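Position chain B relative to chain A; hints supplied.
These are the residues of each chain, in order.
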Amino acid sequence: MSQNSNGTGHEHTSREEDNVNSRRAFFKNFGLFGAVAAVGGAAIYSGYEYQESKPGHDMVKVLTSDNRIVEVPRDQIKDVKVDTDQLQKQGREGLKGHRFVMVIDLSKCRNARKCISACQGAHHLRPYEYHINTLVMQESEHTAPYFMPKPCQHCDNPPCVAVCPVDATFKRQDGIVLIDNERCIGCRFCIAACPYSARLFHWEEPLMAESDKGKPYNIELNVPQRKGTITKCLFSSDRLREGKLPYCVSACPNGVYYFGDENQDAVTNGTTKETFRLSELLKVNAGYQLMAELGTKPRVYYLPPKNRLFEFKDEKDPVQETT
Amino acid sequence: MIKRYFTLLLIVLISIRLSAQVWVVPAENDARKSPFAFDDASRKAGSEIYMTSCKSCHGEPGKNNAVPLVPPPPDMSSVRMQANSDGAMQYKITNGRGTMPSFKNTIATTDVWKVISFVRSFNDKYVQEVAAQAAGGASVANVNIKLNWLKEQNQIQATLSAPSKDKGILPVGGAEVKLFAKRYFGNLLVDEARNTDAAGVALFNFPKDLPGDSAGLVQLVVALSNEAFGDAKRDTTLAIGVPTYRPPLNEQRAMWNVVSKTPIWLLLAYTIAVFGAWGFIIYVFLQIRGIYRAGSEKNTESAE
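Chains as they are written, first to last, in this note's numbering: chain A, 75 to 397; chain B, 1300 to 1603.
So that you can see chain A by itself, here it is in the shape it has in the complex (with noise of 0.2 Å):
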């Protein structure tokens, strides 16, 4: 007992030593903290001085977002900080009070291939990695050959979502399916869950890894695209947001495409911009589903191939020829 008591005396000594020490230390680190500030600050106040007093900035023309050309010193040029976190978020949330849906006319596609390239461009995908593609249908021997665009057909009841074990792909209130490369742990389970084949690994480093290294990740455009994860269709939700047409949509040239708001029953044609009723436009040309009897729920309606504007050649896929 006494043993143990003499041991609690000495370390409290000790410890008032320390403390002693520790102030002592402090007004010494202090005093030379003070003498480094005022050297420093001395330093930084006379560079600032110079440069004032220089003859005159480096300019730089920029090109201003209301299309006016001013010039700007080049010191005074700062990277625009994107606010990463509200990308998420609207991301994650979507547009409120609508339910988008895409309606393809087979009878017009003639495999200009413009909506896969207008695709890739966008999402800095290489020729043969597809969000898009048009395939090269024919149900069996005596029946007619047509050309086939397949999206993502971002289903109501998404299997690919079901499966995922992070979070990474979701649903939308708006109806569109997309995809977190910043969740996604590359386990590629969705892709094993999708009827569609809609979905594409990254095996080897994306298009543009260099040139987008640094940029804001944006949730709806999957820019810059990640190695090992997974990327898909997106609707284009990042144009969808400005209100404009899904990029695929506007750049068919042969009137493909249409693209709307099924709560306003109204589709608009991406060619020519003009608008339909979705309910009609199923309804006269018997729009169906692609294997809806998966259950799956698919928001991409296609029209049948009848009365089809083109001769059907026989055209092998021209990247595949290529590669």
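Don't take every hint at face value.
Claimed, not checked - Straight-line alpha carbon distances no greater than 27 Å define the calculated DSS-like cross-link-like pairs of lysine-lysine that follow: (1) A/K380 - B/K1391; (2) A/K318 - B/K1332; (3) A/K371 - A/K357; (4) A/K170 - B/K1332; (5) B/K1464 - A/K347; (6) A/K347 - B/K1532; (7) A/K347 - B/K1343; (8) A/K188 - B/K1354.
Since the hints were derived computationally from the structure, they do not count as laboratory data.
It should be emphasised that the depicted structure is a prediction, and the values quoted were computed from it without experimental measurement.
Frame of chain A, contents of chain B only:
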């Protein structure tokens, strides 16, 4: 001699080939002229329309980068394109043929003339002929459109009038008017285009099943685009549509939804399974403890 025959044959062949593709424009349309003189403002407006509606096929003017369709869409600066009269261009843009879509319902009549004004800027030799009535400055501007909703008949009544120099305000008769409902990506043509009668009145039947917002509000646009009367537009919002509210698509309980939207059966099954498993483990543990206790009680009894 043979060479001359060959050239002749070539010319005949080419002309046959061309005549097979000739797009016949009615003489009346071919002779039409723009109601206004082309200027920088019309060229600029036309260029904007061109870039959104025409560029995807015809490419950028002068760059010959049109999409290779059959028949090929000509470049704006090409001889073939510039050989069209103003009226022919107006007819072709409005009506379309084959792969060239009709822009009747998407580009207003005066806007079509603006596009032509832009197209003509790629032809140095072009000299414009303005339509006679417009050149005389006799066109009626400032058309006023009044909108009435006839609720019983479910009709929209548009009344057009314009001030004149000596007779006060006069009705505008015989002018084509269109009624549109605003949608997210464009304007939906409601009913067909109507001509105003002598009293300047046009009646549109409004469909009974057009969805509005949650209160049934629909934004309507009545547009007049006429070469003689100029452009006029009138916007209004009426509770004429079917009140539509559809819940967000991610609100239901489903397997694919977030944790807080788990299906009830899954929630119950999971909870019961977890509690059941732990309950069983605890039950076994309690039983073992009971056996142990019973055993130790007997031991003390036997020791005594």
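Results of checking the hints against the structure:
no., hint, in the structure
1, A/K380 - B/K1391, "holds, 26 Å"
2, A/K318 - B/K1332, "violated, 34 Å"
3, A/K371 - A/K357, "holds, 18 Å"
4, A/K170 - B/K1332, "violated, 47 Å"
5, B/K1464 - A/K347, "violated, 39 Å"
6, A/K347 - B/K1532, "holds, 19 Å"
7, A/K347 - B/K1343, "holds, 20 Å"
8, A/K188 - B/K1354, "holds, 13 Å"
Comparing the model with each earlier hint shows violations of hints 2, 4 and 5; every other hint is respected.
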